[in-house]
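Colleague: Okay, here's what each chain looks like letter by letter:
Protein chains: 6
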Amino acid sequence: MTVTRSIGFTDIDFDRNGKQVGFVSFPSSVHDDAWGVIRVPLTVIRNGATPTVILQGGNHGDEYEGPIVLGEIVRGLRPEAVSGRLIVVPAVNLPAVEASRRVSPLDDLNFNRTFPGDPLGSTTQQISHYVSSVLFPLADAFIDLHSGGSSLSIIPSAVLEPCADPALDARNRAAVEAFQAPFKVQIANFGDPRTSTSTAVRAGLITVGTEMAGTGTVTPEAVRICRRGVANVLRHLGVIEGAVERGEGTPGFHTIAGTASYVMASESGIFEPYHELGAPVDKGTPAGRIHFLENPGREPTELVFGAGGVVYGKRHPGRVRPGNCCMVVASPLED
Amino acid sequence: MTVTRSIGFTDIDFDRNGKQVGFVSFPSSVHDDAWGVIRVPLTVIRNGATPTVILQGGNHGDEYEGPIVLGEIVRGLRPEAVSGRLIVVPAVNLPAVEASRRVSPLDDLNFNRTFPGDPLGSTTQQISHYVSSVLFPLADAFIDLHSGGSSLSIIPSAVLEPCADPALDARNRAAVEAFQAPFKVQIANFGDPRTSTSTAVRAGLITVGTEMAGTGTVTPEAVRICRRGVANVLRHLGVIEGAVERGEGTPGFHTIAGTASYVMASESGIFEPYHELGAPVDKGTPAGRIHFLENPGREPTELVFGAGGVVYGKRHPGRVRPGNCCMVVASPLED
Amino acid sequence: MTVTRSIGFTDIDFDRNGKQVGFVSFPSSVHDDAWGVIRVPLTVIRNGATPTVILQGGNHGDEYEGPIVLGEIVRGLRPEAVSGRLIVVPAVNLPAVEASRRVSPLDDLNFNRTFPGDPLGSTTQQISHYVSSVLFPLADAFIDLHSGGSSLSIIPSAVLEPCADPALDARNRAAVEAFQAPFKVQIANFGDPRTSTSTAVRAGLITVGTEMAGTGTVTPEAVRICRRGVANVLRHLGVIEGAVERGEGTPGFHTIAGTASYVMASESGIFEPYHELGAPVDKGTPAGRIHFLENPGREPTELVFGAGGVVYGKRHPGRVRPGNCCMVVASPLED
Amino acid sequence: MTVTRSIGFTDIDFDRNGKQVGFVSFPSSVHDDAWGVIRVPLTVIRNGATPTVILQGGNHGDEYEGPIVLGEIVRGLRPEAVSGRLIVVPAVNLPAVEASRRVSPLDDLNFNRTFPGDPLGSTTQQISHYVSSVLFPLADAFIDLHSGGSSLSIIPSAVLEPCADPALDARNRAAVEAFQAPFKVQIANFGDPRTSTSTAVRAGLITVGTEMAGTGTVTPEAVRICRRGVANVLRHLGVIEGAVERGEGTPGFHTIAGTASYVMASESGIFEPYHELGAPVDKGTPAGRIHFLENPGREPTELVFGAGGVVYGKRHPGRVRPGNCCMVVASPLED
Amino acid sequence: MTVTRSIGFTDIDFDRNGKQVGFVSFPSSVHDDAWGVIRVPLTVIRNGATPTVILQGGNHGDEYEGPIVLGEIVRGLRPEAVSGRLIVVPAVNLPAVEASRRVSPLDDLNFNRTFPGDPLGSTTQQISHYVSSVLFPLADAFIDLHSGGSSLSIIPSAVLEPCADPALDARNRAAVEAFQAPFKVQIANFGDPRTSTSTAVRAGLITVGTEMAGTGTVTPEAVRICRRGVANVLRHLGVIEGAVERGEGTPGFHTIAGTASYVMASESGIFEPYHELGAPVDKGTPAGRIHFLENPGREPTELVFGAGGVVYGKRHPGRVRPGNCCMVVASPLED
Amino acid sequence: MTVTRSIGFTDIDFDRNGKQVGFVSFPSSVHDDAWGVIRVPLTVIRNGATPTVILQGGNHGDEYEGPIVLGEIVRGLRPEAVSGRLIVVPAVNLPAVEASRRVSPLDDLNFNRTFPGDPLGSTTQQISHYVSSVLFPLADAFIDLHSGGSSLSIIPSAVLEPCADPALDARNRAAVEAFQAPFKVQIANFGDPRTSTSTAVRAGLITVGTEMAGTGTVTPEAVRICRRGVANVLRHLGVIEGAVERGEGTPGFHTIAGTASYVMASESGIFEPYHELGAPVDKGTPAGRIHFLENPGREPTELVFGAGGVVYGKRHPGRVRPGNCCMVVASPLED
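Residue numbers (full-length UniProt numbering), protein chains in the order written: chain A, 1 to 335; chain B, 1 to 335; chain C, 1 to 335; chain D, 1 to 335; chain E, 1 to 335; chain F, 1 to 335.
Keep in mind the hints are simulated off the structure, nothing from the lab.
Everything hinted at is true.
Here chain B is said to cover these stretches of chain A; the calculated rule only asks that three of the stretch's residues, wherever they fall, bring their Cβ under 8 Å from a Cβ of chain B:
id: 1; stretch: 55-68
id: 2; stretch: 93-100
id: 3; stretch: 265-276
id: 4; stretch: 317-326
No more than 25 Å apart at the CA atoms, straight line, and that leaves these computed lysine to any residue pairs for SDA-like:
id: 5; chain 1: A; residue 1: K19; chain 2: A; residue 2: V134
id: 6; chain 1: C; residue 1: K283; chain 2: E; residue 2: D13
id: 7; chain 1: F; residue 1: K19; chain 2: A; residue 2: E267
The C-beta atom is built at its ideal place from N, Cα and C for all residues, glycine as well.
Same shape as in the complex, but just chain A:
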């Protein structure tokens, strides 16, 4: 039994000019809906075939700036204003988006750890398979819009995926630069090959990621940065007209250098950070301390930085368990 095709289906015609607002549906046979589907919103805005850019939001269900900005494009961008084809998927991991959870409530999977997916796997695996096997072959570029999610506060930034091909890497850097985010950072995710951006890079697509603030909320400033950044990349790629609009930010690329860049909790308790985002910090200095509220007579435990640089991210919820990421340091990227 060899099955290689997705069982997802759509009434969108990828080859038709104009705007089509629709869905791709994945059959889902569960207790309270034996013959139903999971409907992932999918919009095509087309005026010619090249270039094709995929705009993806809702990779994680608790990251909102991307979906909000992509919704504005779905409702507001006229096909005549486009040169080429936009495939807009504002809430790709729909079950997680509806639940406002990082991972899908259907199978407890992190969509961004399921690529390239499985056509007969669980729903999350079916969706990532659809993206990698149906959408990626249609496209020249891929923009994956993340925010920090419920657990992290992050400097709004454009994210560069590591790339072994120097030519593609250069194109990726140029596109990331075009986003004009306050910060640019290369993130390797511990080398995990199962993310959508690493899969896109391996498929040869120009690839841009983002981290837009976070903490599970929506901030007016991050929406503005995201709206401008997406438009800038589309201008850079020639899909919409106009010059890239300059933003203010830190010049040069940073990188999360390795496992020492993460300050991990060593005990269960409440983490009190000593620094705000963007603060310069030195290796070996205190990052914050963990309090034991149920036993206030016990002295708090201090955590220290394992690498120097600037505070790029910090944990949002006060409560921590051993292994939780409390602080992340970004260091300058040396070429």
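Add chains B, C, D, E and F to chain A, keeping to what the hints say.
Modeller: The following block gives chains B, C, D, E and F in isolation, referenced to the frame of chain A:
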């Protein structure tokens, strides 16, 4: 069968000078602990009997600045530095504090809606009964340290409980003023009589509340404001030496004027606020909009302010349901 | 501390003519919404003050015909067509309606076992207190629209609440008769005084209940019966014009005579009924049998009727546990 | 490490004549039973080896007619009355049957999406592997008895699995015809190869499926249709004596033609259907509407049919979410 | 609205001689059973009216020796062998017994903290109200059969409830002595008045409690002790014939002297006890230690005894949280 | 995309002499910790390279003697006392250990059914992959310390894994003998190849397993046996000095002979065993009976032994469901 006494017990001697770091224990007979107790940390720092001030933190379990600052007092304040008696309860709603939840996981009750409590009720009711029937009669003043909790972002502020007795009201205003928070606000909680501060006022205690930022995290700035504010009130009451340390902030009292001060969600979706905390806003102007991410072709719904003033609080989680509090406006308090 | 007033608030003016579509809001301070409310839809359609009729749906959250028909009235009935005042509450137990559950997910309480309610109790108790203390005193008549809910299939019927006052009982019978349902039945609910209809009767209101099919679904036929029945009662009471529209059905009143009228499961398994709704049955004859699917070699256990009459209700889900109501028999009511 | 054999074990001897009522056991090492098993009931009634027919019920745990009728065969059919071998598995997905859930509570998997299974996978995968690797090779024919389950109401019908082999297809059609159900329909399940009937067909077995009413209940009429149909197929195959007993029903085969045959919910709310099962409907006409009970002032949303034919199935629970299957249309099958 | 009578109903006739095996049923209207009941098994074995002895098991749902022995009496004791009346309730807290949980899954209440109950409260409160308001007035003596439950291992013992009335206290001591358990202990439950035995004593009944081993299992030895003990008390009271059968055990009464008798966990971790049940221990000596398995480099924390005596109970589950009861010491009772 | 390496990382240097107490960390991106890790404690005590022995505890999270004894080694054993290298992993299945559950709460997987693991699978699969692909190649011997867990009470014993290679089998028997447990038993786990010990044997490691009492508690006696046994095996392997310390116990090996050695529950109820651990029993004799507490008038069902030998294990929780393992019989192992 008439029972009026708490079944909570403690080995703290409220009449002994010096510092005692201990617990008050409430018998709790549950499936996995038939003969166990819930242990609420309780510290007495005593050097003479008058005045007696109760310092309470952890009323809600996801508000951390108060417990952190009270833990510093438990570990660091010497009895010789005190004139009178401090009863410090940094994590009064211990089950909620351990769970980092607003409400207790034991009975799903909001501790601050259970006063005056019930000696044979559920654990939350037993604790509030202990506070109102054992601690309040020992005290002259009561400081209840809140933050915004998981769902709200709030301007750090000292909070005035409405009081029918003009003399006590004046003493409360002076104590609230002494806290030297960036903002001072009277909050009536829809007139609910079941809060700890309203119960304290009815018991004749000088009463100060706070709201220290929020969103379920710990911020360095809010910890500093809380630490200074608690010390200031203790100085004001003569419990520790020194002059009140001035902070910077908005002069005068504000108030949450009524139900029109709250902007409530009308639909399920993701709320995008248009304003930051502290922004001046007018009645009838837009407060933000609700997005429907699962259906990006549908236009967002806009919410408007029902009262004018400054944005005092806003919802933190992006996800809203009908009835959720999205924005709160504070208006100047007129005497 | 004496509190007798509801903390629910509304912007509906019960004394203003015309149609007002709004909400009554109950403050609800929970983990993910510290300062929010539960919003219960409430509409007043008024053209003069007398008579005042309360139309209530959504007492249980999985009974849909009543709310559907009341929603049609909210959207479609013009005030000019009314003589008197309608207070329409289509989804009174809103949290249960949103969850499609019989009981409220907030406190696991059955709204219809909480009357007369408690102004400072849990949300369900606050709502029932609002109905009994705010709405009942405004009204002359009360219509409470039930269906069978998720667990029962019932003959569509108008329901008579037992009443100790002969004069009111006669008025109730006339109003129940006016509904023109296929079946008329008196139900005593084991004599429980905590239902809304028993409380309404004790308050002196003309009271009509219903059971409109059930099984947690919506049936076109039951919607039609309910729509006609509500209009008929309003005509009978003189609130809207026109003559009562005749329906077809069983003449005379039946009654659930006592505990012997219920066939209860004696084992855990799958219940196979032997009869359809409306079938005449005799005391002592078989009602159905319980199968043991995990052990198919074991003989099924047969259940028998404890009273004779017609099959008025039967359990919908196949799975039963001991004590589950499998069948209900209605017997002719003797006066 | 190559493992191809099931770790399930049984004390049934498939080669012994007579009736054996037993179990096949799958080791299951979980928290509350480290060394236990899952016991799936399995009965063999044998009188010679040919033909061998597998009778399977409980593929989904909330479909009861099949298990009830197979239980009658287990208890009542004498080996002497059989010519060949019956392998009866009335509750194949035992964990789901015990929970009365469509999917297994052990691993949240839909048994009918796990074929051909995995000998070292989760319990559901182990069971489907046992059926496909141990039972299928023993058999000539396979009858899989479904009902509509908790979420669907369906016209009682015999179901034809699509088959690429014309000779087998003809044998399947004859067997389906022999069931003498009120309705005959070909269902492709969106082309999913992971069902038990599609796997049986690929294995060359004569294959008959059913849908016996549904809504998670047991109906006397569906039990009668199922009892007669199973006996009829066994007569048709020569396993038991006698002529096929004629039933009344729609002549000819229907088919669920494609994705347009399903009416899917577009919003969250309560679905009110406009039609009963069996009603003839046209493409583009209204199927029903979705009500918004929490906001009765909002107009309901109407759904339309995407294909014409007869209403073959409809959703049972009133509550719907986007993507839920509300109606299914069957069209005449053209050869 | 004054309601004082239970809504529980039974078909047992307490005034009829002979054996009746039946149930008392409490109406329970929940989501999956709108008109069902909770059925508590109740048996009367009667041969004359005096004395009347209530035999109660299943007060907590995870204590099995009492229900097993009372089931033997229900099935095996002939009315002719009885002089007086036995009211046997082997599984009084039926919902907890079915769930094998200490507390009821219906309302999370500990039955033994709900006396005297509430006729219109939750199911647990309705059952305790039935026991105290219907059964107690019929009886002369009350035997409440406990074991240690899931969380405790306890020396099998007969338990004396403290009693303010010297005459009744003497009768209680004689009955407890008659049980002939290996150990006799007075337990005050922190003075809580809400237990069934304290309520029985206040009602003037001769009262005997037990603790039969525990840890949520059944032990052959504890079943033997319990069987003999119940028979012995019935002989002592003259209900059945014969002399009290002597057991071996510790002479004299012990007592749980106060809060210092309990060794409570101070940290979260795994408790390793140093002593077995029955070991003599001194105040201030080590009782055991708590290990931190997730951090094996951290030294374990040692706990010490706060009182001397013998180890009467110890915690069964390895996992502890602060406040969990780890050890209980019994000291000689001085008169 | 070919990935064969683990994404777990550690700062332990396996080639450095001395003691290193650290962790191996597995990236885990979940809702409340987007960039965190699962930290599994790992200690190396090294003084030369040969032999290398892996000491593993916490395979299941509710088995405590192994982790306690390995923690003593981590804290107390000096490198100078070692000849070779110890790799100590006291809580290998850390998420299960923290939850005190047999299976991991992260993915509901039984760690001991996941070997050889999957580098990109779920966390449990990643850990077992790390053990089999990183640790096993470094080692000469493997000791896997189990207890009975929450569901079983077992005779403390050293366990022999079946081995096809006679030379390795002899070395395994000698090492198991050296443990000097009260009982020695060969266990085949139904032939499942996914356990850590079967994988170790296939990898050619000298392999010793244990079962140290159980029931989810810690017993002083089992800790002593485990402490002595681990030291004995290390002495036997020459890692630490000294002669093997003799224990008392049953001579010769026993074996769980096959599926007939397990007494499985046939009904749901409460199991009352008739025998204690170690009792000699005959095939066909009664093992115990199942009581139906909710229906005490029903006769209990008796279970019988399917094989003779001694009672090696018995179920701990009183509550049983069909298929639960109630008793296990060990028979003499014949070579």
